[in-house]
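K.L.:
All chains should be modelled from the sequences, with the hints used to inform the complete structure.
Taking this note's numbering, the leading residue of the sequence shown gets 77, the next gets one more, and so forth.
These are calculated hints, taken from the structure and not from any lab test. Hints may be right or wrong, so weigh each one.
As the list claims (entries may be wrong) - Restraint-style ranges between C-beta atoms, simulated for each label pair:
id	residue 1	residue 2	range
1	L88	G164	19 to 29 Å
2	G177	A101	32 to 42 Å
3	K102	D137	13 to 23 Å
4	E149	R87	38 to 48 Å
5	A127	G151	33 to 43 Å
6	L88	L161	26 to 36 Å
7	L161	R182	14 to 24 Å
8	R180	A101	32 to 42 Å
9	I179	N92	37 to 47 Å
10	N92	G151	35 to 45 Å
11	G176	Q126	36 to 46 Å
12	L88	E156	28 to 38 Å
13	H116	T178	27 to 37 Å
14	Q126	A162	23 to 33 Å
Glycine included, C-beta positions come from ideal geometry on N, C-alpha and C.
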Amino acid sequence: MAKNSPRAQTRLSVSNRAALAEEYAKDVPVDELVRRFGIHRTTVHRLASQAGISVRRRGLDEPGRQKAARLYEQGMTLEEVAAELAIGDETVRSAVVACGGTIRPRGRRPARV
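P.N.:
Dropping the structure here:
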C-alpha cells in the first residue's frame, strides 16, 4: 500500500492559475512564483504549459554563461553574480566552470590595493 505524501498539496483556483500563467509569461522567475503560490517548480512549468505558454529552460544561454563567468572573474562572489543576473548561485558556478574558470576558495576575499 502506498503512503500518502507528507507534503500538503496546494490546489490553485482557476483565477490563480490564470494569474500564475500571466506572471510566467511576463518572465517572473519560477522561484518567485513558487514562493508566491506555494507550489512546486514542476507545477509552475506544468500549469504554464497547460495554458499554452512555452516553458522556459533553466540555466543560461552561451552569452549569459560568459557574462556570469566574466563578472565572477572580475571579483564578484557567486552570490553577487547570482543576484545581479537573477539566477541561482549553482547556475553561476556551472557557468564559470563551463567557461574554463575555477571557483575561488570560500572565505574572505583578499584586500584590494
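K.L.:
Each of the hints needs a verdict: does it hold here or not?
P.N.:
Taking the hints in turn, this is what the structure says about them:
About 24 Å separates the C-beta atoms of L88 and G164, a value consistent with the hinted range of 19 to 29 Å. Here the CB-CB span from G177 to A101 is close to 34 Å, well matched to the stated 32 to 42 Å. Range check, K102 to D137: about 19 Å between beta-carbon atoms, so the 13 to 23 Å window is met. Range check, E149 to R87: Cβ separation about 46 Å, and the 38 to 48 Å hint holds.
Restraint check, A127 to G151: a C-beta distance of roughly 42 Å satisfies the suggested window 33 to 43 Å. One distance hint, 26 to 36 Å for the beta-carbon pair L88 and L161, holds here, with the actual separation near 29 Å. At about 20 Å, the beta-carbon gap between L161 and R182 stays in the expected band of 14 to 24 Å. R180 and A101 have their C-beta atoms about 38 Å apart, which keeps the hinted 32 to 42 Å range intact.
Checked against the hint of 37 to 47 Å, the pair I179 and N92 passes, with Cβ atoms roughly 40 Å apart. The beta-carbon spacing between N92 and G151, approximately 42 Å, falls within the hinted interval of 35 to 45 Å. The given range of 36 to 46 Å is respected by G176 and Q126, whose C-beta atoms sit roughly 40 Å from each other. For the pair L88 and E156, the beta carbons lie near 34 Å from each other, so the given range of 28 to 38 Å is met.
For the hinted restraint 27 to 37 Å between H116 and T178, the CB-CB distance of approximately 34 Å keeps it satisfied. For the hinted restraint 23 to 33 Å between Q126 and A162, the CB-CB distance of approximately 25 Å keeps it satisfied.
Violated hints are absent here; each numbered hint is respected by the structure.
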